[in-house]
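For the protein sequence lines, the chains are A, B and C, in the order given. Numbering of the first sequence is given in the working numbering, commencing with residue 1 and proceeding in unit increments. Numbering of the second sequence is given in the working numbering, commencing with residue 1001 and proceeding in unit increments. Numbering of the third sequence is given in the working numbering, commencing with residue 2001 and proceeding in unit increments.
The set of hints was computed from the structure by calculation and includes no laboratory data. Hints are supplied without guarantee of correctness; some may be wrong.
[Claimed, not checked] Capping the alpha-carbon separation at 16 Å, the derived lysine to aspartate or glutamate pairs in EDC-like fashion look like this:
{"hint": "1", "chain 1": "B", "residue 1": "K1154", "chain 2": "B", "residue 2": "D1246"}
{"hint": "2", "chain 1": "B", "residue 1": "K1216", "chain 2": "A", "residue 2": "D72"}
{"hint": "3", "chain 1": "B", "residue 1": "K1138", "chain 2": "C", "residue 2": "E2268"}
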Amino acid sequence: MFEVSGLSKHFGGVAAVDDVSFSVNEGETFSIMGPNGAGKTTVLNLISRFYDVDEGTVQFGGQDITRVRPHDIARVGIARTFQNIELFERETVLQNLLIAQYIHRQTNIFFDVLFLPRVRRQEVASRKVLEDIIDLLHLQRYREQYIHALPFGVRKLVELARALCLKPKLLLLDEPSSGLNPEETEDLSFWIEDINKELGITILMVEHDMNLIGQVSDRVLVLASGRCIALGTPTEVKDHPDVIAAYLGT
Amino acid sequence: MRFVLKTNYHRDVDLFRDKFQFCWFAVLLVFVLSLPMFTGTYVESQLTLVFLWSIAGAGLMILVGYTGLISLGHAAFLSVGAYTHAILLDLGVPPFVSIPSAMLLCSVLGVVVSIAALRMTGIYLAIATLAFAMIVEKVVKNWSSVTGGNAGFKVAPPEIFGWELNSTAYYYLCLLVLTLVMLGVSNLLRAPTGRAFIAVRDSEISAQATGINLVKTKALAFAVSAALAGLAGTLLAYQWHYLFPDSFSMITSIKLLMLVIIGGLGSMSGVIFGAIFMTLLPDGIATVREWLPDSIGNLPGLEPFSFGLILILFLIFEPRGISGRWQKIRLFFSQFPLYRNRTFRRQKSFLRTERVH
Amino acid sequence: METFFQLLLSGIAQGCVYGLVAIGFVLIYKATEMVNFAQGDIMMLGAFITITLINHLHWNYFLAVVIAIGVMGLFGLALERLLLRRMIGESPFAVLMVTIGIGFVMRSVAGMIWGHNPRSIVTPYTDQSFQFGAVVLPIADVVVIVATVVLCSLTFLFFRYTRFGIAMQATSQNQLAANYVGISVKRVVAASWALAAAIATIAGILLLPLKSAYPEVGLILGIKAFAAAIVGGFGSLPGAMIGGLVIGLAEVFTKFWVDAEVGFSVSETSVYILLLIMLIVRPSGLFASLQKKKV
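Kindly produce the complete structure, drawing on both the sequences and the hints.
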């Protein structure tokens, strides 16, 4: 359902991502791992179109999204989270989640200024839509709190919730466990499984916590210096000689 | 402490937090409505100015406080609004046509500036708006066949259906317009459009990832902001009777920015606080002058001096402005023994990458 | 042809002053990522101090110049220590507004002390000129250019060969790394402010024989110098100088050629039009690259 082929990106003379190809099946949890600087996050940034792709194509559900504008990625059905959390800091959790309803809005600025009954109906309806996700991630108690007052772990969760509120078919997670303690990481692995199984969302995750990858992913792609060096189930990949070499050095 | 218990979604969407807040605003409105009966024309005209600066400030607040775009040249929109309106009136166009056309022209200009500013962020955008304002100022100054140049341009008195408004009627008109503007902007901010503005302010990157078109949203913010500034300009033209290019200089732009900063960025009530503060400051200084010894009291630069000093003090000690201070005071008393200073701790960013939005 | 050379010279002289003020902008920006909008006003204050020393205290010109530069260097230090250090880590917009506030305060204080009448000084070279064939070259212009060249060379040598200059360069590239290798970032930042203020003062002193000083002189000149810094890429010292020359020449030549033709003052807007075009076409300036946020 999602396919990347021959993806390349250069920064100056350096190839950050070099001829990377892989495909993700519907309903799968697919992980990308690799040492620092392997180009994992760059792959995600290329998919979500923050960077322009130099070479190669990205296909999603039979559609070529290599040149789609960055803000249309969400409409196509791809949502993402960020490594260092990109939330709307000076708003409440609820407002952060409501942003995700923006792409489904039926009103324009003129309706909004007058706050016509249809705007009110839409606002109430959007709040109802969020309820499932707030329930799923146990965010009820944080609902009205401002982001800047929340601990890091909760912020990560809010960001995940915001991505889910976009109702994506494919969810991109950029280092979901970074900055979390072991218990939070444990919780996270259950949530990722829930999201995958219960909501039926395909997950593409960049991660370096091998335990988390082993628990949740169906297949793993290993990148080193921008190139693919191994692809397979977590256990296969763990013992792959090239992977061990990439992590330990040669 | 008053807890707000929301039992249905409508409570969450409502404009006023609860009945208390609604009552407060109603009392305030009645008070402002009855003021002209007790006060003289001077207070009345000062209050009219507060209303007009509030309208312009609301426009700038949308841009700076809610969309995070900086404009150092908002006086240009005031100027375009005021001159367009005055010139159209002079040509015999009724105000009902000329005010909307002035606003429309301003928003078109705003969109042009925003498109020019597409690839710019932060300081660069500020400088672009400054350059734009400088160009507008020079054009107004030099195109004397149309604008009257430095000699000034006389504005026809305000009229509705042939009935000329006296200063009290004009006070009520401005109050009405301000109320409508505040309602409209508050509505905007609780609807998807305003949420998109805020998203762009707080994180452009995740705004994009949630499907917000940055270009369109910024252009929209500029258009709304410029239109409101233009509206304020048209009404200021009536209030001032004469238009001079120097009334819309860079200093005016910076005073408008001071208004929104001192009032409190990201707060619509801050606009009103800021406007009151900026209008009353000259009066306050005049009062203080009388107490000071003559050698200091008679110095001419006391007003810009205080403006600058107060701005610096606010930015260092209370970056959230008057409305932020007001919130803290309220919170302090409502949670009395439990207030923590850290509740409003400022987020600082020390890395270069963190500061580029 | 003679007029051309005269215009060229006065454009370059004007551009040198813009360039020097622009160098101050860039120095502070590189060290602290703060945009100091009061740079022009610092120049104004430096000029006024020089005027006071020469006209009222009747000091020797050169002594007055040295003292004025020293005093303004200390003023830069004080500004950083008292106000701007508190703003480290705040948004660039807040910092910009603080410096705008500082500008307001400085202009009004200067107005209170020195009044609003334009003032100037008598320098050893006032009203003297070279006769160069048919071309008359005012020495004031030549002095500005020579002084700028000397100053730029000194700055270059400072950054290239002195330990502190290299430390400043390192800090501007990466404050954290500079801190780790033992550079005192605070001192570097303070020194940048002092240096910027001193250079602005020199610009003010050089400007004096060309134009007289009044409290608002720094405001407009500051904006033009800012335009110069932008044209030069806002991160490069040679860029700022070249930007200054571009702005100075554009202004002088449009004034002479276009204004006479059109019959109204285009030259006043030419700087802003140039700046706007620059910002639209190449927002990163002639010599620098734009930063993008990392996610």
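Quiz prompt | Pair hint K1138/B and E2268/C, alpha-carbon separation not exceeding 16 Å | solution = holds, 7 Å
Quiz prompt | Restraint status (C-alpha distance of K1154/B to D1246/B at most 16 Å) | solution = holds, 15 Å
Practice problem: Mind checking the alpha carbons of K1216/B and D72/A for me, to see if they're no more than 16 Å apart? | Solution: Since the Cα atoms of K1216/B and D72/A sit roughly 13 Å apart, the hinted pair holds (cutoff 16 Å).
Figure legend: structure checked against the earlier numbered hints; every hint is met.
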